[in-house]
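Read left to right, the sequence shown gives residues 1 to 128 (this note's numbering).
I should point out that these hints are in silico values taken from the structure, not numbers from a laboratory.
Warning: the hint list may mix true and false statements.
[Claimed, not checked] EDC-like cross-link-like pairs, simulated, lysine to aspartate or glutamate; straight-line CA separation at most 16 Å:
no. : residue 1 : residue 2
1   : K3        : D17
2   : K4        : D122
3   : K60       : E41
4   : K3        : E106
[Unchecked claim] Cβ-Cβ distance ranges computed for the label pairs, FRET-style:
no. : residue 1 : residue 2 : range
5   : D17       : Q53       : 37 to 43 Å
6   : G71       : Q114      : 36 to 42 Å
7   : Q114      : D28       : 24 to 30 Å
A quick note: this is a predicted structure, and the numbers were derived from the prediction, not measured.
No residue lacks a Cβ here, since even glycine has one placed at the ideal position from N, Cα and C.
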Amino acid sequence: MAKKSAITGEYIITVEDNNSIRVCRIFDNVIASLREICQKEGMEVDPKWNTQQLGREVIKRFGDGTMAEVGEYVVTRRPSGSIETYRTYGNTLGALREIAAKIGFEIDPKWNTQSTGRKLVDFINASK
Numbered sequence: 001m002a003k004k005s006a007i008t009g010e011y012i013i014t015v016e017d018n019n020s021i022r023v024c025r026i027f028d029n030v031i032a033s034l035r036e037i038c039q040k041e042g043m044e045v046d047p048k049w050n051t052q053q054l055g056r057e058v059i060k061r062f063g064d065g066t067m068a069e070v071g072e073y074v075v076t077r078r079p080s081g082s083i084e085t086y087r088t089y090g091n092t093l094g095a096l097r098e099i100a101a102k103i104g105f106e107i108d109p110k111w112n113t114q115s116t117g118r119k120l121v122d123f124i125n126a127s128k
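Could you put together the complete structure from these sequences and hints?
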C-alpha cells in the first residue's frame, strides 16, 4: 500500500507505507526504450524492425516468451501483440533528480531520498 503518489509525464513516484520511495517510468515511446535496452545489452537491432518485432526479439532473448526483465527494465507482450515497457529505478535519488530537472523542481542537496521523494510528490500534486 502507498501513503501517496504522483504522476508526471511517464513517471510514477510512490511513497510507500514504510516511507521508502519507488520510481517507475512507463514509456510512451516504446521503440526508443527497446533500443535503449538493446544498446545497454549489446544486442544488434535491425533498423527495419517495428516495435512489435523488436519487442519480440528482446523478449525471446531475455525472457520467457511474454515478458523479459532486463536490468531495471521490464518488457511485456500483450495477447494483442502490443509491447509495453517500463523501468524501475535502482538509483532512486538519481531518478528523482531526473524528474525534478524536467519539471523545474529545486532539490536541496541536504535532502535524502525519502525527503526528496515526499517533497517532489507534494510539489507535483499541488501543481495539478
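(request) Enumerate the violated hints, using their earlier numbering and listing them in ascending order. (result) 4, 6
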